[in-house]
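Protein chains in written order, with our numbering: chain A, 686 to 761; chain B, 686 to 761; chain C, 2 to 140; chain D, 2 to 140.
Treat the hints with caution; some may be incorrect.
Said to hold, decoys possible - Not the full set, but computed from the structure, chain C residues with beta-carbon under 7 Å of chain B:
1) 117
2) 122
3) 136
To be clear, the hints were calculated from the coordinates, so they are not data collected in a lab. Even for Gly, the Cβ is constructed at its ideal location relative to N, Cα and C.
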Amino acid sequence: MLLFASYADALGASEIVLDVPEGTTVRDLVTAVRARAPHAALPPQPLVAVNQAYAGPDDVLTLGDEVALIPPVAGG
Amino acid sequence: MLLFASYADALGASEIVLDVPEGTTVRDLVTAVRARAPHAALPPQPLVAVNQAYAGPDDVLTLGDEVALIPPVAGG
Amino acid sequence: MMRAAIVNRPLDATALLAEVASDAHGATTLFVGTVRNVNSGRAVSGIEYSAYDAMATVELQRILDETALRFTDVSVVVEHRVGTLALQEASVIIATAHAHRAPALDAQRYVIEELKKRVPVWKREHYTDGTREWVGAAS
Amino acid sequence: MMRAAIVNRPLDATALLAEVASDAHGATTLFVGTVRNVNSGRAVSGIEYSAYDAMATVELQRILDETALRFTDVSVVVEHRVGTLALQEASVIIATAHAHRAPALDAQRYVIEELKKRVPVWKREHYTDGTREWVGAAS
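Chain A on its own, in the form it takes in the complex (with noise of 0.2 Å):
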């Protein structure tokens, strides 16, 4: 899973693994990350992308895709 800016931050990394079970959906993952970095500040339902689109919480993951956690955007 990808992280970026103050989320890579917060997790210490830009990119961490993590190990689910099939019929995985956003809102499980969101949870792991939870899990696995209890200190980190996330807001209560982080923006998650797969496959650099928006995904919705109940959306379900397959092998392969590309997750990323996207933290507030402040572009422009």
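Based on the hints, put chains B, C and D in the right spot on chain A.
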């Protein structure tokens, strides 16, 4: 009185001199212009500027005012 | 920075952008009106712009005064060109800048809309068939 | 002409204006976002922009696709810069052009508003007191 663009073409001059009595209003002046150039196709209520600001039909003219008949504007 | 002018030379977008630049600004906009090759279905070869110069300058300045009241601390520079312009040449450029984007964008829109309504500038289109016509005039 | 890019070099407003230019257009707009010297009352010395490059490019392209559907025949070029920028340097430039001014202006507004909401770009402000902070992050 200053004339511009299509009005200058219609009246064949960029400036015309009209003799008007004291107390003449903008409306009176437009009537005088129509009398002088009956074949010029002016709209029912042409815009008039007095001293470089748009004037209303009841505004009264004063000696020395810079008066202009303003065709529909088309800048930009 | 607030400045308005009627000019009879080519307009310079880069110069106007530089004129409103400040490190207090986070947003800068530009609006450029250019001569396009067709209008109301007729092929245009150029446009001749004329103005009631003195009043056009004053009316632009009034618009900038109103803009300054509506959008505190906005910077605006506007130049309208007169003379005969070829296709793609700029007839008007408006540059705005502000700390934040909403006032910079709103000021840009305000200035061009008011300019179109109020500033005594006229255009006579030249068509590729050799004819010419005043735009917007009763005819 | 529709093009979007994330780049790590200085942005060139003149080049983007030229890119959308066409004699079929009557209106061209530019939006330039620049680094300003203060934010939330703190004196800023520069901003470090980073992006999820691949997705940011794709998301910008999605915004341009939506813009093309909303404003038929509009041209839009947008570039967002990443890296460390000094005061007054441009972080984003959007150029739009259309036959008419309303779609050119509306497209400009649409692209910057959507970019601000959706494109995965982040900024860390550098303050004159030597500290740094991610903007908009929960902290």
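Checked hints:
This hint holds: residue 117 of chain C has a C-beta 5 Å from the nearest C-beta of chain B, less than the 7 Å allowed. Satisfaction of the interface hint for residue 122 of chain C is found here, the shortest Cβ-Cβ separation to chain B being roughly 3 Å, below the 7 Å cut-off. A cut of 7 Å between beta carbons decides the hint on residue 136 of chain C: the least distance to chain B is about 4 Å, and the hint holds.
Of the numbered hints given earlier, the model fails none.
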